[in-house]
Amino acid sequence: MTLPLPLFSAAQPLPTSTPAAAAAAAARAHRCKAPITALQVDFDSLTPRAKGSFGDIFFATLSDTREPIVLKRAGQARHSRKLLIAERNVNKSLNVKQPHPTHWPKFLGETNHNSQSFLVWRGERSGVTTLHEMLFDRAPNALPVALGLPPSAALSARTAAPVLHVALFKLLTDALLRAVREVHRSGFVHRDIKPQNILVTRATAPSAPHRLKLIDFGSAKNMQPWATMTDRTPVTLDPLFGAPERGGVLFNAASKQLKTKFDVFSIGMIAVAAAVPALRGESQLRMFRSALERCDYDLELLEAQWRRNGGGGGDAAPLFACTAPTEVALKSLVRSMLRKQPHNRASVQTALYRLQRL
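In terms of the UniProt record's numbering, the numbers along the sequence shown are unbroken and rise by one, the last being 358.
Hint data in this document are derived by calculation from the structure and do not stem from the laboratory. Mixed in with the good hints, there may be bad ones.
[As the list claims (entries may be wrong)] With a Cα cut of at most 30 Å, we get these calculated BS3-like pairs of lysine-lysine:
hint, residue 1, residue 2
1, K194, K51
2, K51, K256
3, K170, K194
4, K194, K97
5, K106, K51
6, K82, K170
7, K194, K213
8, K256, K340
9, K256, K106
10, K194, K340
11, K82, K97
12, K194, K82
13, K106, K194
14, K213, K82
15, K213, K256
16, K82, K106
17, K340, K213
18, K82, K51
19, K97, K256
20, K213, K170
21, K170, K97
22, K256, K194
23, K97, K213
24, K106, K213
25, K256, K82
26, K170, K256
27, K170, K340
[Said to hold, decoys possible] Restraint ranges, calculated between C-beta atoms of paired labels, are given here:
hint, residue 1, residue 2, range
28, K51, Q305, 35 to 45 Å
29, D44, R286, 33 to 43 Å
30, K340, G310, 19 to 29 Å
31, A317, P99, 39 to 49 Å
32, R354, S115, 31 to 41 Å
Glycine included, C-beta positions come from ideal geometry on N, C-alpha and C.
Take the sequences, apply the hints, and build the full model.
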């Protein structure tokens, strides 16, 4: 069965607190409008891809061009519908800021099918998976090779020699920092960066390395002052990859620069797993996060405890025992990205600068 899909649906009006805020909201809504273009969605090709608490993901195609698309509907959990509406509105705003995105999938609009609402994005024709699968579920060399790095003999097992994978750390961290920089430039903080929300997609050329793309903007936060006053969207932040400043009041009171540092912490946690092969498992990474939290997110203090206990063991040993200048600089960068207080944490631009000097 083929149903018409409007490219964009009418945006829900945002509550306003002042006439100036109302005028600004009206201007933004006007910019988000686009001509209604009917896309033909082949719902007979609908294939379940993933199921979560807050949303279900499907693959399908357009009936006229056979172009692959990705659809998302609200899950069964509380607030799922509100989060889907929030994600729709964020994606529409991103479309205005960046009509041809390279760091996240192109949003096409929404449609209804069997009394259910779906958000629709342009899909990938081949080679798409999540960073979670590549980092935690596949062979240790799968992700480096997919990103264009040569296979490493030291990664032949998860309990490989105690070395840091500096090349993978640099490549992955650089790609994620550049992606969130574009999100921030568009006026949003993602707030839910984790391996499950990062696609590893093949580039245009079949032999080219894969690329990383951010997905799931349902928890994203508009950094404009009017949005801080009017945003009532419920959000559930990830306990493993989310930054310590989880409270909405604290986040809303922060400056724009401090808000963007929420995403820096999340990337820092992913970067640790990329750098330390023994931490490429959720249970191991949770133990590292718990130990870091007990030390008030002071990686230097955690290392001091490790040394007092005799050193030598533990999943994070390669990070603490490193002595080469490049590895020591890597550890220093990780420390700056994982600090508890946002004003002490590295910014995206600072992290990129230090990364390029590794």
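Structure-based check of each hint:
Restraint check for K194 and K51: the C-alpha separation of about 16 Å stays at or below 30 Å, so the hint holds. Taken as a hint, the K51 and K256 pair is broken in the structure, with Cα atoms around 33 Å apart against an allowance of 30 Å. In summary, the hint linking K170 to K194 is supported, as the alpha carbons are separated by about 17 Å, within the 30 Å threshold. Between the alpha carbons of K194 and K97 the distance comes to roughly 24 Å, so the proposed pair stays at or under 30 Å and holds.
Proximity of K106 to K51 is assessed by CA-CA distance (about 21 Å); at most 30 Å being required, the pair is judged to hold. Taking the CA atoms of K82 and K170, the gap is about 37 Å. The hint is violated against a cut of 30 Å. Simply put, K194 and K213 have alpha-carbon atoms about 12 Å apart, close enough for the 30 Å limit, and the pair holds. At most 30 Å may separate the alpha-carbon atoms for a hinted pair to count; K256 and K340 meet this at roughly 17 Å.
Between K256 and K106 the alpha-carbon distance is near 25 Å, which keeps this suggested pair within the 30 Å criterion. Of the supplied pair hints, the one linking K194 and K340 holds, its CA atoms being roughly 18 Å apart against a limit of 30 Å. About 23 Å separates the Cα atoms of K82 and K97, which keeps this hinted pair within 30 Å; it holds. Between K194 and K82 the CA atoms are separated by roughly 21 Å; this keeps the pair inside 30 Å, and the hint holds.
With a CA separation close to 20 Å, the supplied pair K106 and K194 stays within the 30 Å bound. Between the alpha carbons of K213 and K82 the distance comes to roughly 24 Å, so the proposed pair stays at or under 30 Å and holds. For a cut-off of 30 Å, the pair hint linking K213 to K256 stands: about 23 Å separates their Cα positions. A distance of roughly 21 Å separates the Cα atoms of K82 and K106; the hinted pair therefore holds under the 30 Å criterion.
Proposed proximity of K340 and K213 is supported: the alpha carbons are some 26 Å apart, at most 30 Å. Taking the CA atoms of K82 and K51, the gap is about 17 Å. The hint holds against a cut of 30 Å. Taking the CA atoms of K97 and K256, the gap is about 18 Å. The hint holds against a cut of 30 Å. Of the pairs offered as hints, the one joining K213 and K170 holds, with about 17 Å between alpha carbons and a cut-off of 30 Å not exceeded.
The suggested pairing of K170 with K97 holds, with an alpha-carbon distance near 28 Å, which does not exceed 30 Å. The suggested pairing of K256 with K194 holds, with an alpha-carbon distance near 21 Å, which does not exceed 30 Å. Restraint check for K97 and K213: satisfied, since their Cα atoms lie roughly 17 Å apart, inside the 30 Å limit. Between the alpha carbons of K106 and K213 the distance comes to roughly 10 Å, so the proposed pair stays at or under 30 Å and holds.
A distance of roughly 24 Å separates the Cα atoms of K256 and K82; the hinted pair therefore holds under the 30 Å criterion. Of the pairs offered as hints, the one joining K170 and K256 holds, with about 26 Å between alpha carbons and a cut-off of 30 Å not exceeded. Straight-line distance between C-alpha atoms of K170 and K340 comes to about 22 Å, which keeps the hinted pair within the 30 Å bound. Taken as a hint, the range 35 to 45 Å holds for the pair K51 and Q305, whose Cβ atoms sit roughly 40 Å apart.
Separated by about 42 Å at the C-beta atoms, D44 and R286 satisfy the suggested range of 33 to 43 Å. The hinted range of 19 to 29 Å is satisfied by K340 and G310, whose Cβ atoms lie roughly 27 Å apart. Range check, A317 to P99: about 47 Å between beta-carbon atoms, so the 39 to 49 Å window is met. Between R354 and S115 the Cβ separation comes to about 51 Å, which falls outside the hinted range of 31 to 41 Å.
Hint compliance for this structure: hints 2, 6 and 32 are not met, and every other hint is.
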